[in-house]
Amino acid sequence: MTKLKIDWGVAAVLLLLGVLMIGPLLAPQDPELVDLAVRLQGPSSAHLLGTDNLGRDILSRVLTGAQVTVGLSLLALSLAILIGVPLGLVSGWIGGRFDWVIMRIVDTFIALPDYIVAIVLSGLLGPGFVNMLIAILAVKWVGYTRLVRSLVLQEKTRDYLMISKLAGGSNSRILRQHMVPHIVGPTLALATMDIGKVILLVASLSFIGMGVQPPSPEWGAMLNDGRAYFAQAPELMVIPGLAIFIVVASASWLGDQLMKRFTISPEDERMTSVLA
Amino acid sequence: MRPATWLVPLGKWVAQGIGFFFVLTIISFLIVQLAPGDAVLSMLRIDTVAVTQDEIEALRNELGLNDPAWQQYVRFLGGVLQGDFGASLMTGKSVMGELSKAFPYTLMLAGATMAVVIVITFVLGGLAARFRGSLVDKGVAAFCTAGAAVPTFWLGLLLIDLFAVRLHILPSSGMATAAGLVLPTVALAIAIAPPYIKILRNSLIEASGREFVRAARARGVTESVIFGKHTLRDSLIPLVTILGVSLGSLLGGTVIVEVTFGIPGVGKLAVEALARRDYGVIQAFIIVVGMAIFVINLLVDLSYRALDPSISLKGAERA
Amino acid sequence: MSLLEVRNLRISTRRGLPLVKGIDFTVEQGEWFALIGESGSGKSITANSITDLLNASLTRQADAISFDGADLLGRGRQPLRKVRGEQIAYVFQDYQSAFTPYYTVSNQMHEMLKAHRSMSADKRRAMIEAGVEAVGLDPRLIKRYPFQVSGGQLQRLALASAVLLKPKLLIADEPTTALDSWSASVVLDELASIRAATGCSILFITHDLRIMNRYADRVAIMQKGEIVERGSKDQVVLRPQHPYTRDLLASTPPLRSDVQRLPVQGESARIQVKARPQTPTDTVADEPVLRAQDLVKVYGNGTRAVDGVSLMLPAGSCLGLVGESGSGKSTLARCLLSLERIDSGDIWLRDQHLNQLSGLALRSARQQMQLVLQNPNASFNERLPIRASLMEPLECIGRSSPGFLSVGDDPRKVAAALLDLVQLPAEYLDKLPNHLSGGEKQRVSIARAISTEPSFIVLDEPTASLDVSTQARVLNLLKDLQDALGLSYLFISHDLSSVHFISQHLIVMKDGIVVDDFDRTELFDSDRHAYTKQLIDLFEDLPSQVA
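Chains as they are written, first to last, in the working numbering: chain H, 1 to 276; chain D, 1001 to 1319; chain U, 2001 to 2547.
A hint or two may mislead.
Away from chain U, derived, C-beta distances all over 12 Å, residues of chain D [as the list claims (entries may be wrong)]:
(1) Ala1015
(2) Ile1031
(3) Glu1062
(4) Val1074
(5) Thr1091
(6) Phe1103
(7) Val1116
(8) Gly1126
(9) Leu1135
(10) Phe1143
(11) Asp1161
(12) Leu1162
(13) Ala1164
(14) Leu1170
(15) Val1288
(16) Leu1299
Below, in silico cross-link-like pairs of lysine to aspartate or glutamate (DMTMM-like), each with a Cα-Cα straight-line distance of 25 Å or less [as the list claims (entries may be wrong)]:
(17) H:Lys260 <-> D:Glu1206
(18) H:Lys165 <-> U:Asp2346
(19) H:Lys165 <-> U:Glu2395
(20) D:Lys1138 <-> D:Glu1206
(21) D:Lys1229 <-> U:Asp2052
(22) U:Lys2082 <-> D:Glu1223
(23) H:Lys165 <-> U:Asp2351
(24) D:Lys1012 <-> H:Asp99
(25) H:Lys156 <-> U:Glu2340
(26) H:Lys165 <-> U:Asp2430
(27) U:Lys2479 <-> U:Asp2519
(28) H:Lys156 <-> U:Glu2382
(29) U:Lys2168 <-> D:Glu1211
(30) U:Lys2166 <-> D:Glu1211
Calculated from the structure, these hints are not laboratory results. Just so it is clear, the structure is predicted and the values come from calculations on it, not from any experiment. Ideal Cβ positions, reconstructed from N, Cα and C, are used throughout, including at glycine.
Chain H extracted, bound-state conformation:
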């Protein structure tokens, strides 16, 4: 429908995410290979970004860790969308008691800060990939339900739906033809902004020791490991931090662009910017 213009900024961000997803394939060395002979070395031709306290190649660890950090975020978000979007769609469309129950649950989840829920959940469930996935999912689905529901409520009152109803259009037809196209853009925008936020959350959880466990490389955990050696080898901490920063900044920039493209009502945009 709309002419697709190649936006170099968008292309660059997508390329970055793509490269990170195949990060392990690009890693020059085994990220878990311990070689105490070369511990805490600065950048060299053998180790482009130097080595850590166990002599492991930092570049390889950052690239491999990308898949854990970014992959976990993308997976968790996909699941959050899979749960949150249909729930919001149905809740907004049929309304009534079902909507009331869903909204009370949503209210409770919104009232509890996402970091606290995630920390408590992952703390209770213990470290590990799946547990972290559950913790992120628990705090992220609610944003999608809320956004989609409010979009549906907005669109539901539109006059053109009277025409569809008069013509005898079925609920599934109206949802398919009118509601779904309406929510795709904003949902995509929220998801893109969320990538960055979830990466930060994953890294924060790992940093306080509740995320993915060593030795598997994860950016937040790497950063925490590097803390002790900061005076001797600052790159141990600086590099994973920078990696997080760049990916998160790119994703939220892309999300901002999408927000602008898919006009969201100011209230939704505000809510999204704090909920995401």
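With chain H held as given, fit chains D and U onto it using these hints.
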């Protein structure tokens, strides 16, 4: 804005508060029931290396863990209502005592951060709106993107390295002195402020284009009155509406910052309790934080009503 | 010397798109000067530019803007502020934004006086109370917040505050367009008496030729940023020179003379339909398509939106429903279409008892009815191309083509033929709705409504949001389609002249009740309801229309 109109939703608030309190107690009760691992095991493991099955059973009976769930809940609720969450496994002292010792630190950190956030929001948001489209605006936008993207703990560590380790200006951890508050506050404020700055900028711009601003200008009202009275008030409303939600993220942020800077606040206490499965502390943490957020939301709702009289007056005495 | 003189005024967007292209006009002492134009003509920004009230996105240039001998153009912000409110005052269309919603009206009137005069609070209060009483309102009203005051009263308060300091020039920008006709006439009379009392000049911006005719001394007609015609009111109304002026004058349906079509320019030939639809209309003449008996609809808050309405729509004719906003006419329409449940009464669609149907029977009954809505922007899903929206009813019903078309079953051909019926080119099928003008969208809406050969079509203010000249063309189109296809309409509008133009029978609604019910020819009968007579006064014909 007569008192009567303020009091209208009071009953609703009380009902909501009670409802939310029960939801929180149920959540914190269930968390312990459903959590993997045995609370008794983690309790015993602290003192003894080897435990027998009999010892476990004895303790279970003693703690009432073999009773039906509802009896346990009622007992738990009774304790909560008296402010009794039992003793902490970590220290053996009362959970409430531990929590109330930690609470002032968190409150101080959150309060100081909020103050800093408000200042930078008004300065940067105001500048960006005033010089819309200029380099200043773009600079503020870049600051927002960067601030929202930088991991708080990482920024905290870098700040410690720069100001404490290298320059020796400020302490690296603890909050023994007011100076100790500076770095954690800055690190947290940078992470929290960006959405506020963006919203204030946009709503200031939006407000200055409103028809009623044009109408006031057409009456010859001075520009300073138009800004101070009409535009500013209009642009504060969207800011306040998101305040309730985002103050939650402030509390979440304090956890990370407290761990990073070694501040003995509620967040650090909770993280340590989680690591040791000290359930009493976790339960108390959930309920206290949850109720704190409820109170914050109430205050936000109140200020929202004060800012926009139509909320409480509409329909009440319509012409 | 003229009170206001504007020479070679140009307004453009920051990107350089010209909106006002070098206009000159003057407003003399004590006169009522009307600036007439349709949306997009640049009349409102012209008014705002006089005291530099334009948005930052627009730039203003002029050779001269002088007021009462002083130059307004070269002045900085501060001196202009003194002029605003004190010497030149404004009343805008959007009465809800006349005052900031966060402060009481009284607060903002005091604020205005403080900005211009240094006087004690008591003196200000006395001055304000006198001003409010002068527009016939209770001074206690201003203790309220703007949203607690009704539209008409709010606009009168805006007027009161505008003339508080006895300005020499009052600029009224469509001040009555957003009001119902009774409130509008009160505001206009108030405006006229203020002029009589203070001798101020009025620069009146409007699109409404009847208001212009009733009040203005001198007139300028604006089209696309230029003044195309100017002169005394009589000159312009009786001997229009420019084709656009003639078109505007011809666009207003007259009440007193019987015209088949409105003589607007640039219209294509009448519609040729291949086959007349085979509906029962042809066999049983005058059988009512729709009958409603004692309909009542009560809303949750106790408002009786529709209160015992009965009506009948004979096949192949048009029933006109006149009523102002809040009269319950749109609610009635939704009830008739079974889009809203009624609380009591009966509706028959031919021989089907509509309000007792449910499930499949209701669904198939609904499919025999169609609707054209007031707001062309809200009538379409803006994400779908025109073709998808146009063909939606046919697709839902499961038919490929209406019977009156003989273009085969190819959906694209059918869609193109439907657009052709409403005189739109087939290229529009792939456009998105926001690439069409309001009038064009309304045509697509009409094509969509007739595509299923409905028993009747509800036209709910189909022309209210259109400019007068576009409105005339849509009215002509509706008449042509009715003639060609034998359609039945329920035409709902606040505009008595449009309803009268298109309908055979009229009913007048007020506060949920039918107050008047008469044939088109009986409009001027002496036993018309007082409310109808009041409407007739408001829609009195222009002198050019009185044969």
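Hints, one by one, checked against the model:
Ala1015 (chain D), annotated as away from the interface, keeps every beta carbon of chain U farther than 12 Å; the closest lies near 22 Å. Taking the minimum C-beta to C-beta distance to chain U, about 41 Å, the non-interface status of Ile1031 (chain D) holds against the 12 Å cut. Separation of Glu1062 (chain D) from chain U is adequate, the least Cβ-Cβ distance of about 58 Å exceeding the 12 Å criterion. With a closest Cβ-Cβ approach of about 41 Å to chain U, Val1074 (chain D) is found to remain outside the 12 Å limit, as its non-interface label requires.
Distance check for Thr1091 (chain D) against chain U: the nearest CB is about 52 Å away, which clears 12 Å, and the non-interface claim stands. A cut-off of 12 Å between C-beta atoms confirms that Phe1103 (chain D) is not in contact with chain U; the least separation is 37 Å. Non-interface status of Val1116 (chain D) relative to chain U is upheld: no Cβ of that chain comes within 12 Å, the nearest being about 28 Å off. Annotated as non-interface, Gly1126 (chain D) keeps its C-beta farther than 12 Å from every C-beta of chain U; the closest such distance is 17 Å.
Distance check for Leu1135 (chain D) against chain U: the nearest CB is about 18 Å away, which clears 12 Å, and the non-interface claim stands. Here Phe1143 (chain D) stays apart from chain U, with its beta-carbon at least about 24 Å from theirs, past the 12 Å limit. The claim that Asp1161 (chain D) lies off the interface holds: its Cβ sits roughly 45 Å from the closest Cβ of chain U, which is beyond the 12 Å cut-off. The non-interface label for Leu1162 (chain D) is consistent with chain U: the shortest C-beta to C-beta separation is roughly 42 Å, beyond 12 Å.
The beta carbon of Ala1164 (chain D) is kept farther than 12 Å from every beta carbon of chain U, the shortest such distance being approximately 47 Å. Distance check for Leu1170 (chain D) against chain U: the nearest CB is about 43 Å away, which clears 12 Å, and the non-interface claim stands. Val1288 (chain D), annotated as away from the interface, keeps every beta carbon of chain U farther than 12 Å; the closest lies near 36 Å. Here Leu1299 (chain D) stays apart from chain U, with its beta-carbon at least about 19 Å from theirs, past the 12 Å limit.
This hinted pair checks out: Lys260 (chain H) and Glu1206 (chain D) have alpha carbons roughly 15 Å apart, not beyond 25 Å. Under the criterion of a C-alpha separation no larger than 25 Å, the hint pairing Lys165 (chain H) with Asp2346 (chain U) is consistent with the structure, at around 21 Å. Taking the CA atoms of Lys165 (chain H) and Glu2395 (chain U), the gap is near 13 Å; set against the 25 Å cutoff, the hint holds. Between the alpha carbons of Lys1138 (chain D) and Glu1206 (chain D) the distance comes to roughly 18 Å, so the proposed pair stays at or under 25 Å and holds.
For a cut-off of 25 Å, the pair hint linking Lys1229 (chain D) to Asp2052 (chain U) stands: about 21 Å separates their Cα positions. Pair hint Lys2082 (chain U) plus Glu1223 (chain D) holds up; C-alpha atoms about 12 Å apart against a cutoff of 25 Å. The straight-line distance between the Cα atoms of Lys165 (chain H) and Asp2351 (chain U) is roughly 22 Å, inside the 25 Å bound, and the hint therefore holds. Between Lys1012 (chain D) and Asp99 (chain H) the CA atoms are separated by roughly 20 Å; this keeps the pair inside 25 Å, and the hint holds.
Restraint check for Lys156 (chain H) and Glu2340 (chain U): the C-alpha separation of about 15 Å stays at or below 25 Å, so the hint holds. Between the alpha carbons of Lys165 (chain H) and Asp2430 (chain U) the distance comes to roughly 24 Å, so the proposed pair stays at or under 25 Å and holds. Straight-line distance between C-alpha atoms of Lys2479 (chain U) and Asp2519 (chain U) comes to about 18 Å, which keeps the hinted pair within the 25 Å bound. Restraint check for Lys156 (chain H) and Glu2382 (chain U): the C-alpha separation of about 14 Å stays at or below 25 Å, so the hint holds.
Of the supplied pair hints, the one linking Lys2168 (chain U) and Glu1211 (chain D) holds, its CA atoms being roughly 23 Å apart against a limit of 25 Å. For the hint pairing Lys2166 (chain U) with Glu1211 (chain D), the CA-to-CA distance comes to about 23 Å; that is within 25 Å, so the pair holds.
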